[in-house]
Amino acid sequence: MMMNVFWISVLTVIVLVSKSTCLIAFSSYMSENKAISQSNSVVDGTTMIFDKVEINSGSDYSVVTGKFTAPSSGIYAFTWTICVDSRYKHPAGEYNYGEYGTELMMGSTKIGVLHTDTEKQYDDACSTGFVIKYISSGNQVYVRNNYAHQGRLLSKESQTRTTFSGWKMQ
2 MMMNVFWISV
12 LTVIVLVSKS
22 TCLIAFSSYM
32 SENKAISQSN
42 SVVDGTTMIF
52 DKVEINSGSD
62 YSVVTGKFTA
72 PSSGIYAFTW
82 TICVDSRYKH
92 PAGEYNYGEY
102 GTELMMGSTK
112 IGVLHTDTEK
122 QYDDACSTGF
132 VIKYISSGNQ
142 VYVRNNYAHQ
152 GRLLSKESQT
162 RTTFSGWKMQ
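If you read the sequence shown in my numbering, its first letter stands for residue 2, the second for the next number, and so on.
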């Protein structure tokens, strides 16, 4: 009987340790096609969709909604990089250099802001934001466009990626 209690205790400790060290993390980026389609359709307040996932432990990031849902309360770190294309030629013939403003949102609360802009041809631009924030279980974090943009987002396998990532620190 004593041996069974020992093994039950050992199994309980293993389960508790494995649950406490469970990593919550995601890393996503926009495919080139998604960057082009969103560039053509995004308006103020539109949630940016990062449709490719490098890692999504716990499946807490949705490639459909573009939102991360915190599975547990704690301190999280989030980073997003927005790249804009300086080579986009508008159908009317002129070059329309990229300029995007984005916000990192937790529900309806802005927790970060970022501006990316390029002013001349062949001078693509990327900007990165980084936020550490306490997030309660069930809250959603996402990136959205925050004003009228121009030009096109840039995300190409051969060049650079527009990304959104996050992880639980504690």
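One or more hints might be untrue.
[Stated by the list, open to error] Heads up, simulated DSSO-like pairs for lysine-lysine below, C-alpha to C-alpha not over 27 Å straight-line: (1) Lys-111 - Lys-169; (2) Lys-68 - Lys-157; (3) Lys-134 - Lys-111; (4) Lys-53 - Lys-134; (5) Lys-35 - Lys-121; (6) Lys-169 - Lys-134; (7) Lys-35 - Lys-111; (8) Lys-53 - Lys-68; (9) Lys-35 - Lys-68; (10) Lys-134 - Lys-68; (11) Lys-121 - Lys-68; (12) Lys-121 - Lys-169; (13) Lys-169 - Lys-68; (14) Lys-111 - Lys-53; (15) Lys-53 - Lys-169.
[Unchecked claim] Using C-beta positions, here's what the derived DEER-type ranges look like: (16) Thr-161 - Gly-139: 17 to 23 Å; (17) Lys-121 - Pro-72: 22 to 28 Å; (18) Glu-55 - Ile-112: 18 to 24 Å; (19) Tyr-135 - Lys-157: 33 to 39 Å; (20) Ser-60 - Met-170: 33 to 39 Å; (21) Gln-171 - Ser-38: 25 to 31 Å; (22) Thr-110 - Asn-57: 19 to 25 Å.
If you're looking for bench data, these hints aren't it; they were derived computationally from the structure. C-beta atoms are modelled at their ideal positions from N, C-alpha and C, and glycine is treated no differently.
Going down the list of hints, with the structure as the test:
no.	hint	in the structure
1	Lys-111 - Lys-169	19 Å, holds
2	Lys-68 - Lys-157	22 Å, holds
3	Lys-134 - Lys-111	11 Å, holds
4	Lys-53 - Lys-134	24 Å, holds
5	Lys-35 - Lys-121	24 Å, holds
6	Lys-169 - Lys-134	10 Å, holds
7	Lys-35 - Lys-111	24 Å, holds
8	Lys-53 - Lys-68	13 Å, holds
9	Lys-35 - Lys-68	16 Å, holds
10	Lys-134 - Lys-68	16 Å, holds
11	Lys-121 - Lys-68	33 Å, violated
12	Lys-121 - Lys-169	38 Å, violated
13	Lys-169 - Lys-68	15 Å, holds
14	Lys-111 - Lys-53	24 Å, holds
15	Lys-53 - Lys-169	20 Å, holds
16	Thr-161 - Gly-139: 17 to 23 Å	33 Å, violated
17	Lys-121 - Pro-72: 22 to 28 Å	44 Å, violated
18	Glu-55 - Ile-112: 18 to 24 Å	23 Å, holds
19	Tyr-135 - Lys-157: 33 to 39 Å	35 Å, holds
20	Ser-60 - Met-170: 33 to 39 Å	20 Å, violated
21	Gln-171 - Ser-38: 25 to 31 Å	37 Å, violated
22	Thr-110 - Asn-57: 19 to 25 Å	24 Å, holds
Comparing the model with each numbered hint stated earlier shows that hints 11, 12, 16, 17, 20 and 21 do not hold.
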